[in-house]
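Asker: Take a look at the letters that make up each chain.
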Amino acid sequence: MTATAAPPTPTPAAPTTVRAGPLVGTTLLARFVLRRDRIRLPLWVGAILLFLVGSAASLPTQYADAAERQARAALVDNPGVRAFTGPGFGLDDYTFGAIIVQELFGYTAILVALMVILLTVRHTRAEEETGRAELVRAAAVGRHAHLAAVLLVVGAASLLTGGLIALGLGSLGLEDVDWASSWLLGAAVASIGLVFTAVTAVTVQVSAYARGASGLAAAAFAVAYLLRAAGDATQIGGGTWSWLSPIGWAQQTRAYVDNRWWPLLLSLALTVLLVAAAAWLTGRRDLAAGLMPPRPGPATAHWLLSSPLGLGWRLHRTSLSWWATALLLFGLAYGSITAEIETFVAELVVLEEWMAEIGGQTLLDAFFAVIILLLAIIVTIFAVPTVLRLRSEETGRRAEPVLATATSRTRWAASHLTIALAGSAVLLLTAALGLGLSAAAALGDPSVLPRLLGAALAHVPAIWLIVGLALALFGLIPRAVTLVWVVVAYSATIGYFGDFLGLPDWTATLSPFAHIPLLPAEPFTATPIVAMTFTAAALIAAGLAALRRRDLTTPA
Amino acid sequence: MAELIAARGLTKHFGATRALAGLDLSVAAGEVHGLLGPNGAGKTTTIRILLGLLRADGGQARLLGGDAWRDAVALHRCLAYVPGDVDLWPNLTGGETIDLLARLRGGADPARREMLCERFDLDPTKKARTYSKGNRQKVALIAALASPVELLLLDEPTAGLDPLMEAVFQQCIREARAEGVTVLLSSHILAQVEVLADRISIIRLGQIVETGTLAQLRHLTRTTIVADTAEPAGELARLPGVHELEQRNGHSRFEVDADHLDTTMRRLAEHGVRSLVAHPPTLEQLLLRHYGDQIPTDTAENRARP
Chain E
0 MTATAAPPTP
10 TPAAPTTVRA
20 GPLVGTTLLA
30 RFVLRRDRIR
40 LPLWVGAILL
50 FLVGSAASLP
60 TQYADAAERQ
70 ARAALVDNPG
80 VRAFTGPGFG
90 LDDYTFGAII
100 VQELFGYTAI
110 LVALMVILLT
120 VRHTRAEEET
130 GRAELVRAAA
140 VGRHAHLAAV
150 LLVVGAASLL
160 TGGLIALGLG
170 SLGLEDVDWA
180 SSWLLGAAVA
190 SIGLVFTAVT
200 AVTVQVSAYA
210 RGASGLAAAA
220 FAVAYLLRAA
230 GDATQIGGGT
240 WSWLSPIGWA
250 QQTRAYVDNR
260 WWPLLLSLAL
270 TVLLVAAAAW
280 LTGRRDLAAG
290 LMPPRPGPAT
300 AHWLLSSPLG
310 LGWRLHRTSL
320 SWWATALLLF
330 GLAYGSITAE
340 IETFVAELVV
350 LEEWMAEIGG
360 QTLLDAFFAV
370 IILLLAIIVT
380 IFAVPTVLRL
390 RSEETGRRAE
400 PVLATATSRT
410 RWAASHLTIA
420 LAGSAVLLLT
430 AALGLGLSAA
440 AALGDPSVLP
450 RLLGAALAHV
460 PAIWLIVGLA
470 LALFGLIPRA
480 VTLVWVVVAY
490 SATIGYFGDF
500 LGLPDWTATL
510 SPFAHIPLLP
520 AEPFTATPIV
530 AMTFTAAALI
540 AAGLAALRRR
550 DLTTPA
Chain S
0 MAELIAARGL
10 TKHFGATRAL
20 AGLDLSVAAG
30 EVHGLLGPNG
40 AGKTTTIRIL
50 LGLLRADGGQ
60 ARLLGGDAWR
70 DAVALHRCLA
80 YVPGDVDLWP
90 NLTGGETIDL
100 LARLRGGADP
110 ARREMLCERF
120 DLDPTKKART
130 YSKGNRQKVA
140 LIAALASPVE
150 LLLLDEPTAG
160 LDPLMEAVFQ
170 QCIREARAEG
180 VTVLLSSHIL
190 AQVEVLADRI
200 SIIRLGQIVE
210 TGTLAQLRHL
220 TRTTIVADTA
230 EPAGELARLP
240 GVHELEQRNG
250 HSRFEVDADH
260 LDTTMRRLAE
270 HGVRSLVAHP
280 PTLEQLLLRH
290 YGDQIPTDTA
300 ENRARP
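Protein chains in written order, with numbering that gives the first Met the number 0: chain E, 0 to 555; chain S, 0 to 305.
Just chain E, with the same shape it has in the complex (with noise of 0.2 Å):
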């Protein structure tokens, strides 16, 4: 058909007879995403509400009187401390809902912004990057609908979380924890949640892709906490940086203590601004791309990228430089307050029990032992997932084409397997080495950097057995490898909550880390570590047999 004989075209009826706004289909796509996630949202709510209104619940077994609540305030007066978690309101007065907002709620933070950056990311950008958006956009829905359905979901999310804490922490009847109080940090809880929701949807406009997106969201994340960190470290009660987080708003609410709503306005101004922006940025950008163009790499591999071993450490060494200064930080950090532990722990009745029971030479000691197993803990979280990296490259398509190589399975394997070992070794030493640094520094004390040290290598082999049962998984019943995340969230549960739950003694035998010795509180015992270690050497032996012998499971 030539362009001079077209004939008249009749003008389409749809748009006069059908809704053609920017929201169309909102409430549908809204619905599906509660259809996705119909298990994975109640689980991150209930996560949270259990991490919060539990740990409240438990606080008075572990300050039997106010005395002993004011010794751990005296805890406060450290600006490591404040630095960690808040800026430290009703000190004078430190009642159970002081410490709530004080110690409960940075880590509920952490939490609540992990749910929404996650979710938000996860039904935005990585619908767009897999081109499942590009399906949903082609039919009748608006240019907004896709944005609009995930923040109502999300934020809706937030204000559940909140309002769940806040008839939580209302109905356990805690001596001075106060309904009224409680709807607040409960709307602090939910601002948090709010905010970064808000901050994702415009990260999802910048990245194109989800991975990049949620880092986005997470660094900004990192730098309110950090601002928030330095105002409360320099000043009591919170200093002008605090001013400028919105994890600050939040906490200078001073639930409990003062009660003041009006924080809360200006996290409901950046939501608002940060929406705006975001749906400025959806109308102006093209479907599946993003704000940051693509940058090139490299046209050939750098000589490293050679072997199974060397593609293992190109992809994990990304994550692997961020966890090590993570942990170095945070071994500093917590290194930095051992001097006023030991005056705090003095005071303190109940931990001192608990850590008569330890049988630490001093209470710093025991203290010690408490950290270093914390961290390896945390540095099991960084192993599994490293190991569990062949699970998700087999069911990928990316084994098959190294595999297909001159690479043997067991090379193969062993790539990640070797990162994940080694990995977590260096890892824990990072965390005890910055522990070690600064603890030597407040201490006066040089001594106890090797000593620490030390301790931290001994728990390396109940990390490597928690690798090992992941790798044996692995060869011998793949579709359950996430089994090993059981063992983790066991061990972790049992180590951190062990003494206060009162379960029989033989349950923690069931947790690695439960039979290496509580170094540098318990004597140094050689049997456990060197069982351990052939443990862990033989499940790993297992799971390459096993997966010598298996079909490779490659989607078709």
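Hints were generated in silico from the structure; no laboratory data involved.
Certain hints may be false.
In the SDA-like style, the derived pairs of lysine to any residue whose C-alpha atoms are separated by at most 25 Å in a straight line are [what the hints assert, rightly or not]: (1) K126(S) x A132(E); (2) K126(S) x L215(E); (3) K126(S) x V167(S); (4) K126(S) x E149(S).
The model shown is predicted, which means the values in this text are computed figures rather than measured ones.
For this one, chain E is given, so just place chain S on it according to the hints.
Answerer: Structure of chain S alone, referenced to chain E:
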């Protein structure tokens, strides 16, 4: 000619599904061998068994003089593989991926790699996450073709390529063949197999149902004849080996079995042939012979292909 791939009685089950049911495959050294069949016929399973990625439940798979499962690593030095669905590491560039895969196989010729990047029009500095399906396919193809190997195992290697790149691919395969490389090319693109393959094996429900050169396979089926004759050739209907006859005022259209072609043409000539068109059987007809009646859903896809 030496047998480079020799599979005998391969069987493979995935749970209750039977993927291979006694598959025999023979590929001679130096030939381009087409493996034809619709999705789910067992092409990919066969190639994965040849690569030692899957273990056959029964039968024997030997290639390049070794056992596909036991000698996998040693054999992989001498062969290259291109899967139909290519997924790459998102944060590696195409160039890095090509180098990595080639090095894992024992190295590649840099000049050849460069030449292939140019011919396939691939920008090797882009991160794999920015590549389209076709570009990911090119990365795998270049990595395979840049390595000096004896055998190429290609599993629907051009599924995402445009017609221009398809032409480049076909040229590269012809060059590889000229250098003495053996190629096993699994495909459901008939035109590709028709122009490239020296011999063809047709796979159906996990078995090879036909193997031979295109000419040999054609011999097994019918030629289509369209003729105009001076007087109506009514007797054609009574001749043995004539099928699907349509006649209208001296115009005849029919199919005839290869072994009755000679007698049929003689009888037709008696009626005074004015015009004559003879179509050799297409690969599509060959396939339909094996698939047409039994599994219509599978052949619908094949029929849609050129």
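Asker: Each hint needs a verdict: does it hold in this structure or not?
Answerer: Going through the hints against the structure:
no.: 1; hint: K126(S) x A132(E); result: holds, 22 Å
no.: 2; hint: K126(S) x L215(E); result: holds, 19 Å
no.: 3; hint: K126(S) x V167(S); result: holds, 23 Å
no.: 4; hint: K126(S) x E149(S); result: violated, 30 Å
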